[in-house]
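Visitor: Taken in order, these protein sequences are the chains called L and C. In terms of my numbering, the first sequence opens at residue 27 and continues consecutively. In terms of my numbering, the second sequence opens at residue 3 and continues consecutively.
One should not assume that every hint holds.
Label-pair restraints from in silico Cβ distances [claimed, not checked]:
#1 C:P16 x L:T46: 41 to 47 Å
#2 L:S102 x C:S21: 42 to 48 Å
#3 L:S86 x C:S73: 38 to 44 Å
#4 L:S93 x C:P44: 31 to 37 Å
#5 C:T71 x L:S40: 45 to 51 Å
#6 C:D75 x L:K68: 25 to 31 Å
#7 C:P44 x L:S102: 40 to 46 Å
#8 C:K76 x L:K133: 48 to 54 Å
#9 C:S122 x L:K68: 25 to 31 Å
#10 L:R87 x C:Q5: 39 to 45 Å
#11 L:Q53 x C:R69: 47 to 53 Å
#12 C:K76 x L:T31: 19 to 25 Å
#13 L:S119 x C:S21: 34 to 40 Å
Just so you know, these hints were derived from the structure itself, not from any lab. Remember, it's a predicted structure, so these values are computed and weren't measured experimentally. Each residue gets a CB set at the ideal place from its N, CA and C atoms; glycine is no exception.
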Amino acid sequence: DIQMTQSPSSLSASVGDRVTITCRASQGINYFLAWYQQKPGKAPNLLIYAASTLESGVPSRFSGSGSGTDFTLTISSLQPEDVATYYCQKYNSAPHTFGGGTRVEIK
Amino acid sequence: QAQLQESGPGLVKPSGTLSLTCAVSGDSISSSNWWSWVRLPPGKGLEWIGEIYHSGSTNYNPSLKSRVTTSVDKSKNQFSLKLTSVTAADTAVYYCARRPGYGSSPIESWGQGTLVTVSS
Numbered sequence: 027d028i029q030m031t032q033s034p035s036s037l038s039a040s041v042g043d044r045v046t047i048t049c050r051a052s053q054g055i056n057y058f059l060a061w062y063q064q065k066p067g068k069a070p071n072l073l074i075y076a077a078s079t080l081e082s083g084v085p086s087r088f089s090g091s092g093s094g095t096d097f098t099l100t101i102s103s104l105q106p107e108d109v110a111t112y113y114c115q116k117y118n119s120a121p122h123t124f125g126g127g128t129r130v131e132i133k
Numbered sequence: 003q004a005q006l007q008e009s010g011p012g013l014v015k016p017s018g019t020l021s022l023t024c025a026v027s028g029d030s031i032s033s034s035n036w037w038s039w040v041r042l043p044p045g046k047g048l049e050w051i052g053e054i055y056h057s058g059s060t061n062y063n064p065s066l067k068s069r070v071t072t073s074v075d076k077s078k079n080q081f082s083l084k085l086t087s088v089t090a091a092d093t094a095v096y097y098c099a100r101r102p103g104y105g106s107s108p109i110e111s112w113g114q115g116t117l118v119t120v121s122s
């Protein structure tokens, strides 16, 4: 089965900073990758699908890139409301494995 | 927009069976969607459990496959999860979710989640 590895596992950045999270698949998954944001006590929320397509209603400061095995989620200007844990997930075929998550905090 | 709501016991004894139901509103359980289960253990990351289509087709996480069963109840517009031989490691918030069945699509709708604790 394909493994999904996220890095870093946590980060602390200042408001306004550019933040980058990476996700690596152990085998190629084309562009079938999604990014979710999860705040404490809430269900995950879809941010990006097809590696780079922004879900409706998601702020444009979020962007995604990559294909094959290496993917990136970027927050262009970190805001206080972006404090959350972010997960990547492959969905090309089952099992639809999640990455381990990246916890984002404000410095 | 579909609404999903999990229900079931919040406490399960070790070696017992965890049983949860997800009621679906705003969509038909017989529509072209995969009905999914995901869990979040305390202090850990999201874990995909499995999914079922209204036809009965299923996909499961290989690490849980021997203990997991999912089913669909079309008369009640709901789907269910059973996890047998539970241990403390199965303590988690369990989410039900919907993944569109056209092409390859990500999960787009989630229930609010329900905490299940495995303890004697």
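Visitor: Run every hint past the structure and note whether it holds.
Guide: Hints and how they fare:
The hinted window of 41 to 47 Å between P16 (chain C) and T46 (chain L) holds, with their beta carbons roughly 42 Å apart. A hinted range of 42 to 48 Å holds for the C-beta pair S102 (chain L) and S21 (chain C), which are about 44 Å apart. A hinted range of 38 to 44 Å holds for the C-beta pair S86 (chain L) and S73 (chain C), which are about 41 Å apart. Distance hint check: the CB atoms of S93 (chain L) and P44 (chain C) are about 34 Å apart, consistent with the given range 31 to 37 Å.
The hinted range of 45 to 51 Å is satisfied by T71 (chain C) and S40 (chain L), whose Cβ atoms lie roughly 48 Å apart. Taken as a hint, the range 25 to 31 Å holds for the pair D75 (chain C) and K68 (chain L), whose Cβ atoms sit roughly 27 Å apart. The beta-carbon spacing between P44 (chain C) and S102 (chain L), approximately 32 Å, falls outside the hinted interval of 40 to 46 Å. About 51 Å separates the C-beta atoms of K76 (chain C) and K133 (chain L), a value consistent with the hinted range of 48 to 54 Å.
For S122 (chain C) paired with K68 (chain L), a C-beta distance near 30 Å keeps the hint of 25 to 31 Å intact. Taking the beta carbon of each, R87 (chain L) and Q5 (chain C) are about 28 Å apart, not inside 39 to 45 Å as hinted. About 26 Å separates the C-beta atoms of Q53 (chain L) and R69 (chain C), a value inconsistent with the hinted range of 47 to 53 Å. A C-beta distance of roughly 39 Å is found between K76 (chain C) and T31 (chain L), which places it outside the suggested range of 19 to 25 Å.
Distance hint for S119 (chain L) and S21 (chain C): a CB-CB separation of about 28 Å, inconsistent with the stated range 34 to 40 Å.
Of the hints listed earlier, those the structure fails to meet are numbers 7, 10, 11, 12, 13, in rising order.
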